[in-house]
Amino acid sequence: MSQETDILEEVTSGEYKYGWVSDIEQEIIPIGLNEDVVRLISAKKNEPEFMLEWRLKAFRQWEKMKEPTWANVHYPPVDFQSISYYAAPKKKKELQSLDEVDPELLRTFDRLGISLDEQKRLSGVAVDAVIDSVSVATTFRHKLAELGVIFCSMSEALQEHPELVRKYLGSVVPAADNYYAALNSAVFSDGSFCYIPKGVRCPMELSTYFRINAANTGQFERTLIVAEEGSYVSYLEGCTAPMRDENQLHAAVVEILALDNAEVKYSTVQNWYPGDKNGKGGIYNFVTKRGLCAGRKSKISWTQVETGSAITWKYPSVVLKGDNSVGEFYSVAVTNNFQQADTGTKMMHIGKNTRSLIVSKGISAGKSQNSYRGLVRINKTAKNARNFSQCDSLLLGDKCGAHTFPYLEISQKDSVVEHEATTSKIGEDILFYCNQRGLDTEEAVSLIVNGFSREVLNQLPMEFAVEAQKLLAISLEGSVG
Amino acid sequence: MLQIKNLHASVDGNEILKGVDLEIKAGEVHAIMGPNGSGKSTLASVLAGREDYDVTEGSITFEGQDLLELAAEERAREGIFLAFQYPVEIPGVSTVNFLKTALNEIRKHRGQDSIDAIDFLQMMRQKMSLVEIDEKLIKRSLNEGFSGGEKKRNEIFQMAMLEPKFAVLDETDSGLDIDALRIVAGGVNKLRSLNNSFLVITHYQRLLEYIVPDYVHVLSGGKIVKSGGKDLALELEEKGYDWVRTELTADAEA
Numbered sequence: 023m024s025q026e027t028d029i030l031e032e033v034t035s036g037e038y039k040y041g042w043v044s045d046i047e048q049e050i051i052p053i054g055l056n057e058d059v060v061r062l063i064s065a066k067k068n069e070p071e072f073m074l075e076w077r078l079k080a081f082r083q084w085e086k087m088k089e090p091t092w093a094n095v096h097y098p099p100v101d102f103q104s105i106s107y108y109a110a111p112k113k114k115k116e117l118q119s120l121d122e123v124d125p126e127l128l129r130t131f132d133r134l135g136i137s138l139d140e141q142k143r144l145s146g147v148a149v150d151a152v153i154d155s156v157s158v159a160t161t162f163r164h165k166l167a168e169l170g171v172i173f174c175s176m177s178e179a180l181q182e183h184p185e186l187v188r189k190y191l192g193s194v195v196p197a198a199d200n201y202y203a204a205l206n207s208a209v210f211s212d213g214s215f216c217y218i219p220k221g222v223r224c225p226m227e228l229s230t231y232f233r234i235n236a237a238n239t240g241q242f243e244r245t246l247i248v249a250e251e252g253s254y255v256s257y258l259e260g261c262t263a264p265m266r267d268e269n270q271l272h273a274a275v276v277e278i279l280a281l282d283n284a285e286v287k288y289s290t291v292q293n294w295y296p297g298d299k300n301g302k303g304g305i306y307n308f309v310t311k312r313g314l315c316a317g318r319k320s321k322i323s324w325t326q327v328e329t330g331s332a333i334t335w336k337y338p339s340v341v342l343k344g345d346n347s348v349g350e351f352y353s354v355a356v357t358n359n360f361q362q363a364d365t366g367t368k369m370m371h372i373g374k375n376t377r378s379l380i381v382s383k384g385i386s387a388g389k390s391q392n393s394y395r396g397l398v399r400i401n402k403t404a405k406n407a408r409n410f411s412q413c414d415s416l417l418l419g420d421k422c423g424a425h426t427f428p429y430l431e432i433s434q435k436d437s438v439v440e441h442e443a444t445t446s447k448i449g450e451d452i453l454f455y456c457n458q459r460g461l462d463t464e465e466a467v468s469l470i471v472n473g474f475s476r477e478v479l480n481q482l483p484m485e486f487a488v489e490a491q492k493l494l495a496i497s498l499e500g501s502v503g
Numbered sequence: 031m032l033q034i035k036n037l038h039a040s041v042d043g044n045e046i047l048k049g050v051d052l053e054i055k056a057g058e059v060h061a062i063m064g065p066n067g068s069g070k071s072t073l074a075s076v077l078a079g080r081e082d083y084d085v086t087e088g089s090i091t092f093e094g095q096d097l098l099e100l101a102a103e104e105r106a107r108e109g110i111f112l113a114f115q116y117p118v119e120i121p122g123v124s125t126v127n128f129l130k131t132a133l134n135e136i137r138k139h140r141g142q143d144s145i146d147a148i149d150f151l152q153m154m155r156q157k158m159s160l161v162e163i164d165e166k167l168i169k170r171s172l173n174e175g176f177s178g179g180e181k182k183r184n185e186i187f188q189m190a191m192l193e194p195k196f197a198v199l200d201e202t203d204s205g206l207d208i209d210a211l212r213i214v215a216g217g218v219n220k221l222r223s224l225n226n227s228f229l230v231i232t233h234y235q236r237l238l239e240y241i242v243p244d245y246v247h248v249l250s251g252g253k254i255v256k257s258g259g260k261d262l263a264l265e266l267e268e269k270g271y272d273w274v275r276t277e278l279t280a281d282a283e284a
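Taken in order, these protein sequences are the chains called A and B.
Each residue of the first sequence is one higher than the one before, counting from 23 in the numbering used here.
Each residue of the second sequence is one higher than the one before, counting from 31 in the numbering used here.
For reference, chain A alone in the conformation it holds in the complex (with noise of 0.2 angstroms):
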């Protein structure tokens, strides 16, 4: 019973994820970055030694580096000091009913077709036990155990199994990648570590037990994924529900590693606040992910739906060591308003025969601005690699716009690269051809935008792929007409 009590606890808390305990008093340091604040997380997390050294060491790389500023975006530039690098999350006022939950919320979620009791959870009220979830999750956690997975967030997992972190982490991504990966190395509060064990097969979609758990991301958030040889895992993180926070900067890492035949499938769903009509607030979003496929016939798949924040810089990316490894990257983003993305992938060929399939649907509205940014790189080594990129892009109106930045660069003359392009736009005219059929301006734009994304958002999670497909629509809600 006490178990029970405990689960739901953390099912209902909505900041499982984070490992938070409740001994830590509400509280958040100073804002400024320096040597002390990165060895108080430290200390605040009661981390190993190890993880203090190697924060240090991505601390002071990050010192020395540059803020990238190639990507097609524009903003203000960020005041790295006036940040607080370490805020235990206030807990949230608890809601005793939805009556007390911002209507418009509520309107979303029931358009986005998401149940009462995750309503409930998603907007902070008090759940009566939920039964089903509660029984669910706890079937998993038995379950996962069995087969020896670890899935955990990254705090637990340095408590836990420090060893396995410190042998992976940072072999993907390494501390000192790039600016932001660099930054999220030195002051990553927390993320989620995931490792399933030699010809293990996981069961589950993690998606379902990210659900049932808890839906929100941290500000500089980590994740790590190993898949040992043989074995297979499909993760899904983010949430189709609206993210609203009050930290404007976001710079996650996500780093997969998968060693011979093991497959990982890892999607996503963002949509953290892109900022008003007016392009006023909105989250950046400057996340670094990138999977290696060193074994052999390992594959990675990332999908990603990007409706939400109002800078994405993001290029998940595969780099393609084992011989006959395959990557693979299926993106549809959407930017309404004043959303700016710069987003698209990088596939890595270094081993023999090495495959890599790149799909890319951008979707601008409103007086948006959407990058494809894609590097297909075919080292000497890569005999026999092959890649097809498609890269569709839709306009919706005339004030929007879309832009495509392909890179080849191709040292193996055996290969094969592909790369095909279309543009379309969604006018008027379309729009009242539709009217004429009997559908409204906004089942339209639904239907011709779900149309255009199909290919990719096959790849989700069934259950996700119903609520990304609702979800599109909204974003673009009053971007036409």
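Worth flagging that the hints you see were computed from the coordinates, not collected in a lab.
Where a beta carbon is used, it is the ideal one built from N, C-alpha and C, also for glycine.
Keep in mind that the hints are not guaranteed to be accurate.
Facing chain A, from chain B, some residues (calculated, C-beta under 7 angstroms) [what the hints assert, rightly or not]:
1. A78
2. R107
3. L112
4. G122
5. T131
6. I136
Following the hints, put chain B in place on chain A, whose structure we already have.
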């Protein structure tokens, strides 16, 4: 079924329709002919509810309802269909998927449930044969890469599927070769019944050899200047639109 009274409409401040009167009863087929720029397509757009057109005077009543009060999609759900002169291409949406969505909207409006997948398939097969449209074609993105004739055939196919009460064919014959014209007209003829009516807008008499109208109207300078039976079309073809204009001037002088 449909009454148009003293309809005035303008685009960007230019008056194009200058007092159109027309009554169409259930089961009737009316043809509107007229020279370029006479306002034929404007009339079609106003009937369908295109927002760029401002109705400045007059009324349109459809089955007792004030049509001008309704948005384009509401008119469509009430049973008004426009076969476009220039059908658009919609990337990523197949004709099948598009029609299923449209049909279900109309059904919802009528208080019916969404159509069953098997019933829809059967209905599609049956209507496809009406306009001899290929199944491969309607599984592709709507009108994308279609020839002019295929697009027009797709319009009539959609009309067959949505079973409107009142359909406007806006220069459906333009850009069709004689075989395609025969197929399209044949499709329309099979859909004619006592319960529905058609307004066929055309430049040439040729189409009216295949779709035989009950009434022919001549639209010129934003007004219906002459109405008659099917023979009027032949007379027009023979004498040209100048004949109508001369006759009008003569009338005015008399």
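Discussion item. Interface hint check: L112/B, Cβ to nearest Cβ on chain A, cutoff 7 angstroms. Holds or violated?
Written reply: holds (5 angstroms)
Discussion item. The hint names I136/B as touching chain A; please verify it with the least Cβ-Cβ distance against 7 angstroms.
Written reply: holds (5 angstroms)
Fill in: Hint status (Cβ of R107/B to nearest Cβ of chain A, threshold 7 angstroms)
holds (5 angstroms)
Item to complete: Against chain A, run the beta carbon of G122/B and see if the smallest gap drops under 7 angstroms.
Response: Holds, about 3 angstroms.
Worksheet entry | Hinted contact T131/B with chain A - closest CB pair below 7 angstroms | With Cβ-Cβ at 6 angstroms, under 7 angstroms, it holds.
Worksheet item: Going by Cβ atoms only, is A78/B closer than 7 angstroms to chain A?
Response: OK, holds: A78/B within 7 angstroms of chain A, min 5 angstroms.
Checked against the numbered hints above, the structure breaks none of them.
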